[in-house]
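Using the hints provided, position chains B, C and D with the ligands relative to the given structure of chain A.
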Amino acid sequence: MVHTLNPGVSLRTDVDDVARLLTAEGERIPDPDLDPWVEDIGPSILRSLYRDMVLVRRIDTEGVALQRQGQLGLWAPCLGQEAVQVGTARALRRDDFAFPSYRESGVTFVRGAKPADLVLTWRGEEHSTFDPSEINTAVPQIIIGAQTLHAVGYAMGIQRDGADQVAATYFGDGASSQGDVNEAMIFASSFGAPVVFVCSNNQYAISEPVTVQAKFPIAGRAPGFGIPSMRVDGNDVLASLAAMRWALEHARRGDGPAFIEAVTYRMGPHTTSDDPTRYRDADEVALWRERDPIARVEAYLRGRGEFDDEFAQQVAADADALGADVRSACLTATSREPIGVFDGVYAGPHSGLDEQRAQFAAYLEGFAGEVGR
Amino acid sequence: MVHTLNPGVSLRTDVDDVARLLTAEGERIPDPDLDPWVEDIGPSILRSLYRDMVLVRRIDTEGVALQRQGQLGLWAPCLGQEAVQVGTARALRRDDFAFPSYRESGVTFVRGAKPADLVLTWRGEEHSTFDPSEINTAVPQIIIGAQTLHAVGYAMGIQRDGADQVAATYFGDGASSQGDVNEAMIFASSFGAPVVFVCSNNQYAISEPVTVQAKFPIAGRAPGFGIPSMRVDGNDVLASLAAMRWALEHARRGDGPAFIEAVTYRMGPHTTSDDPTRYRDADEVALWRERDPIARVEAYLRGRGEFDDEFAQQVAADADALGADVRSACLTATSREPIGVFDGVYAGPHSGLDEQRAQFAAYLEGFAGEVGR
Amino acid sequence: MTVMTMAKALNDGLRTAMRDDDRVLLMGEDIGRLGGVFRITDGLLDEFGAARVIDTPLAESGIMGTAVGLAYRGYRPVVEIQFDGFVYPAFDQIVCQVAKLHYRSRGNVRMPLTIRIPWAGGIGAAEHHSESPEAYFVHTSGLRVVAVSNPQDASLCLRQAIACDDPVVFFEPKRLYHAKGEVDPTIDLADAPPMGLARVAREGTDVTILTYGAQVVTALDAATAAEDEGISLEVIDLRSLSPVDYRTVTASVRKTGRVVVTHEAAREAGVGAELIASVTERCFNYLEAAPVRVTGHDIPYPPAKLERYHLPDLDRIMDAVDRVLDRPNSLSGVSA
Amino acid sequence: MTVMTMAKALNDGLRTAMRDDDRVLLMGEDIGRLGGVFRITDGLLDEFGAARVIDTPLAESGIMGTAVGLAYRGYRPVVEIQFDGFVYPAFDQIVCQVAKLHYRSRGNVRMPLTIRIPWAGGIGAAEHHSESPEAYFVHTSGLRVVAVSNPQDASLCLRQAIACDDPVVFFEPKRLYHAKGEVDPTIDLADAPPMGLARVAREGTDVTILTYGAQVVTALDAATAAEDEGISLEVIDLRSLSPVDYRTVTASVRKTGRVVVTHEAAREAGVGAELIASVTERCFNYLEAAPVRVTGHDIPYPPAKLERYHLPDLDRIMDAVDRVLDRPNSLSGVSA
Ligand SMILES: Cc1ncc(C[n+]2csc(CCOP(=O)(O)OP(=O)(O)O)c2C)c(N)n1
Ligand SMILES: Cc1ncc(C[n+]2csc(CCOP(=O)(O)OP(=O)(O)O)c2C)c(N)n1
Ligand SMILES: [Mg+2]
Ligand SMILES: [Mg+2]
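Chains as they are written, first to last, in our numbering: chain A, 27 to 399; chain B, 27 to 399; chain C, 1455 to 1790; chain D, 1455 to 1790.
Here chain A stands alone, though its shape is the one from the complex (with noise of 0.2 Å):
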């Protein structure tokens, strides 16, 4: 029968109707689908895992003092997110080319975006900093949903190149109500594109409860684009690796789009701006402050005895150093010349730029040179 009223679909929104590898409490549990996919991830790379969400908390950390302290104009915390970020980042090759939002400070982070790269954007100085090709990770983007579609043609140079490369693009809840996300899906399936795409449900667009988004969960959607999904335990790091491996193998060999939705929370406001006592209750974040990323990876290697204070320790200096060397970044930062609002707007020359340009270097000229008016 041909009727797709679809009663294969899960249409429950359950937070905890997720694939996951490690639990809460830190328990190993399998999934059938995931455990193929983190077969050699030992110890040793749970570590790291372990060490980069620490580091990337230590950023945001960071990121939301300095914002307080009035050194950054605003900062969008990832807080809570950490998981989703480093497990899906740390599985792309270098070669791949990441397109995240303005929340994905975890996903620069693990491409090799520097301290400074990390601040100077939110503190205004710059609207971005690190050269894309040199991280293979574009400028994060603030219009929500449109770097889908990036993702999506850059996946379609790859095609034209027979590079076995994947682009992978990182997306709200929020998000996947915009027509660009739903237009980045269908060119996606149209052309097999090799793109992965990756909405972290955090359960909010700003106050919007993901309910406002979606009755029924994200990563359903796809499927009827053609598209293969999976929904996966964002707050768990080693399910995050899992998926994206999968989707990245997907991808890469040729099968075109795959599509992960990563559930989560978002602990701290959407940005330091925003208030969210005014729309959820502490209940719910204390609920899931429960579901920390890093803590289960912590109480897993401690079960194990593969994770020790000094460990720890030797982590939390790391992030301690990082952290410095980001607020000395932010701190040391210089502003471009006023004449520098005018860098970058073409590649080549512009008779009517280059002539407002010239006309505002002799006023300011004319202007330092006089004592007030």
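It should be emphasised that the hints constitute simulated quantities derived from the structure, not laboratory data.
Here are a few chain B residues that face chain D, going by a calculated C-beta distance under 10 Å:
| hint | residue |
| --- | --- |
| 1 | G150 |
| 2 | I169 |
| 3 | L390 |
Think about it this way: if two alpha-carbon atoms lie no more than 16 Å apart in a straight line, the pair counts; the simulated EDC-like pairs of lysine to aspartate or glutamate are:
| hint | chain 1 | residue 1 | chain 2 | residue 2 |
| --- | --- | --- | --- | --- |
| 4 | D | K1759 | B | D369 |
| 5 | A | K140 | A | D344 |
| 6 | B | K140 | B | D351 |
| 7 | D | K1709 | D | E1657 |
| 8 | D | K1759 | B | E363 |
| 9 | C | K1759 | A | E363 |
| 10 | A | K241 | A | D43 |
| 11 | B | K241 | A | D281 |
| 12 | C | K1759 | A | D369 |
| 13 | B | K241 | B | D40 |
| 14 | A | K241 | B | D281 |
Every value quoted in this text rests on a predicted model; they were computed, and no experiment measured them. C-beta: ideal position from N, C-alpha, C; glycine also.
The following block gives chains B, C and D with the ligands in isolation, referenced to the frame of chain A:
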């Protein structure tokens, strides 16, 4: 398990993978999902559906002819798509509201459009003629997919009025790729709006076969958004009616949106400007000629002794009369006065445009007085 | 009369409009429990309920398109676009549907939408949060465009925009949200002057400054500074950018003979171009000097730390004043 | 030199660009087997294959957004928007991404996109098929905007646009697609004058007509008509709308002292406003009369049967010429 790799969805795009009640040969076959919706449909209603389809086809023939004769600027034939248009539109209640595209002359006709309404827009006299509130049908839409959102908004209005009407929106297979159509499904689902989506998959978006838009059935997308859907034979007027009744009833009783993909075929060119021989084979067209929506109803009724030549002649005569009316509405049309280009831009006074209008009126007046320059 | 911030005046205006007409409803992202990221809809969900204060999915085209459908059904949707830079996904629905449906339907379908846009720069925001897209809408026939500069206008013009049977794009300068002013929130719309008359914000005799939105404040500051130098600036707050109240504008220009236009938006084909072209057409014989524009540069909005070199400030306005007065200390100038 | 239609010249230009650089690829709706609804890409699928001539799903934002991604990867996408009125769904990607990525990435990411738009009216088309959206793009910093008026420019400017490292919005007047002209399709880009110099299409001494696209032809007709009346019009074909070649423009205006601007697009905040504002700023002391605009009305594009009352024709141009020359037979005029 939580993966939605979703083996439940039929991944075939085969045009015969549809729900059907009348075969191309005019055989009535059972369908457990559709049958309950057409229990009351006896020969007399079937004859009237037949009649409507013949009339719609006659309008279409007249439109093409008028265009060939230079009386219309353009015409978008619906030849071959009469069943889905008549079947679904006849299922609507008068106080439901339809949001058609440019190709749905069959829908606007069934809704109550007058002969002039069917041609004056294509003649270039007016962007639209009828008053939407009189026939509960929106201005037909040219911007691909835009009307689907209007239908959802209208349906949200119905909800707010506590009414039991339904909004129905029509669009093509090509349109299914537009962000707007996907956003429409999302809004409809989130708000549980009483709206029915009717996708007339006529296999082509101008020259592009549907496989450019979708590797898998378009109906398979709706469930991902939480919208039940059905894929029916769009050349089967009975199945189209049945599916539409199912969808309307679903929406009307407060269960939210429903989606129909009607698999049909655009027998003619995209518009009279198009040359389909550039992109499709005569064989394919011939194949679909065998699936004619009108012939099968006649065959079915004849087989049951419910259709005779007298009836056929009567309908043909009615069609000729309608065709003549359409032709005469076209040929007797008068154009607005030149100054009429300014009519209806704003609902209230507008100092800028009023001044421009006055100036142009003065210009026209003075100019009329001049003999040459 | 009460003293209140522009944010409060807008909130109040929405409440009044919703009380006056139960077909008015609000749509947007985060406008419900949160009350909008700028709190302009604060408390309205509680008073009017979720059927009239609608938190929508995150899709601007979807918001605008469903608002069109609600208008088809007889509603008067007031849409909040969260920030100026996020209006573009809705551009197609605005340009092809909202602006055209009345014309296209020969007046049968009204589009009494109000599109509220927290607008423009100067607040140190992230990319895409400081845009000045007004010229796009001014150039779009079928729309009306309003930009306010003080709490009283915010209150009254918003109510007028909502009551207007045509679509209105309504710009709210973010950097003035917390500026205070006297407001009479009870003005009877039937008695009020029509929406969109320009306002002589300060009378003067030497130079006319045409401006709108937050730049009105900067221009008034410039006028104060100019006074010290013995120059008298007349500052006109346009309030309506489409249509422009040329009666007020030309009266001023005929008096002063000199014009400076200032806005934050880029210069090229901006609203300033229209103002200068129109003023030149209408007042050519009164002009003593070429009108001058003081605008944002023709660059994408720069990073926050640099925005003060982009936004036309008091000094740049004064420099232009010097130029139209042909005073030697003008630093800028136009090449051939 | 060969005589060919503009359609053929464009087709030829695309072929040359694709042969010259294998990173150039075409994207759009129906551009493959059909060769585009105007046949501009005719035969290119056969020559270059489906990897370089890409029939896309029907979604303009999708086309533009994936083109951005391809540019990230080092490709040079040439996007065809099927008709002028269908560019708006892509507006967000154009304004926020295509126009800004170079600036935003401090020059690290280039966006060498060419956005081809079959453009404007006069062909009796259905709604949304006769739009003149150029001002939106001229106002958008970070874009370049070109509009051609003859086969030679179509051929050369298109190749230059594709070779340009910045995004170019390229307007092709539909009603001239079948107009013929001499073309040298082999011009070496290295030797060619830079894209976007204005062209004196006809020399004259009394009035400067500034125009572009299909209006160039109308303006030239007007110049012929004017000659009979002893009036000498200089017609300037701008070719580049952003940036505008003001050297050529001001040289002409300083000579004639009188300016008429004509375009099909609506007047309010259109390109004509920018031209008049800039000319007034640059040539104030040379102007003998207020510059005048002859444009489409500030209305949505009307139904086909009425378009001739909307499009500025020879008579309306002549009327404006009379006005700037202060001849008594001018019928229009500007109120206060
Ligand atoms: C096109 C667009 N509309 C609105 C916004 C304002 N905005 C910024 S973040 C955000 C919520 C995004 O939610 P989600 O996609 O779930 O990502 P999250 O912030 O939770 O990581 C909104 C509405 C925007 N940046 N872009
Ligand atoms: C936004 C937009 N883009 C492009 C077009 C040009 N166009 C008109 S019809 C059409 C194909 C539509 O195909 P489909 O949705 O399948 O409907 P059909 O014509 O087959 O009924 C296209 C590309 C348009 N009208 N609107
Ligand atoms: Mg979220
Ligand atoms: Mg179709």
